[in-house]
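Student: Sequence:
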Amino acid sequence: MTERSERPDRQTTALADQQLWRRAHKLYVEALDKPSNPESAKKLSKLRKNKTLPPAIHEELFSYDNFLIGLGKMSLNLESHGALYRLHSHLNHSCSPNVSVQHPLLDTQPAKISVVAKRPIAAGEELTVTYVNPRNNLKKRRRELKEWGFGECRCERCLEEEKTKEAKEGDDEDDLEDELRGFLGL
Numbered sequence: 001m002t003e004r005s006e007r008p009d010r011q012t013t014a015l016a017d018q019q020l021w022r023r024a025h026k027l028y029v030e031a032l033d034k035p036s037n038p039e040s041a042k043k044l045s046k047l048r049k050n051k052t053l054p055p056a057i058h059e060e061l062f063s064y065d066n067f068l069i070g071l072g073k074m075s076l077n078l079e080s081h082g083a084l085y086r087l088h089s090h091l092n093h094s095c096s097p098n099v100s101v102q103h104p105l106l107d108t109q110p111a112k113i114s115v116v117a118k119r120p121i122a123a124g125e126e127l128t129v130t131y132v133n134p135r136n137n138l139k140k141r142r143r144e145l146k147e148w149g150f151g152e153c154r155c156e157r158c159l160e161e162e163k164t165k166e167a168k169e170g171d172d173e174d175d176l177e178d179e180l181r182g183f184l185g186l
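In the numbering used here, the protein residues as written are 1 to 186.
Pairwise CB distance ranges, derived in the manner of DEER restraints: (1) GLN11 with LYS51: 40 to 48 Å; (2) THR12 with LYS51: 38 to 46 Å; (3) LYS26 with ALA56: 20 to 28 Å; (4) GLY70 with LYS49: 20 to 28 Å; (5) LYS140 with LYS163: 12 to 20 Å.
Result set (DSS-like, lysine-lysine): computed pairs, CA atoms no more than 27 Å apart in a straight line: (6) LYS46 with LYS146; (7) LYS118 with LYS146; (8) LYS34 with LYS49.
In short, the hints are calculated from the structure, not lab data. We put the CB at the ideal spot given by N, CA and C, even for glycine.
Could you put together the complete structure from these sequences and hints?
Tutor: Below you can see the structure in the form of structure tokens.
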């Protein structure tokens, strides 16, 4: 068999992509609109305080077409410039980053970034940027990171704030409620 015949054609690849996005949409709707089991439906109803969304807002949040539009609005690397930078894609998160990323004027150098030290950096120290607003409190920073799929931040600053009780503690159900309320605009 030749190498060419072993590769999937564009139509096959497009169909596989479409099936993947349809499955992602189904899971999205199941998690935030129409849970598949009664227990989850009861919890979501409680979070919504038994209110239903106006039809126009429901359509905007949960239709397949608007789901795809929303995905298209997401920028690579959380950057409004929509580019994937080789160096930037390797910088991990910290709520107290040691570098910042700056973009020169887009019309003169659209494919370049500058990484600037925010403080002295020791040899061998990892370069870190922040993926969220570092002025937010611990709970909000962690919630925003979770919304992007990064999990709970365990950087030095977050661990220190946990120890000093600087952030207000809440149980997991309250955190889930905050996330869903923010996402659904309730």
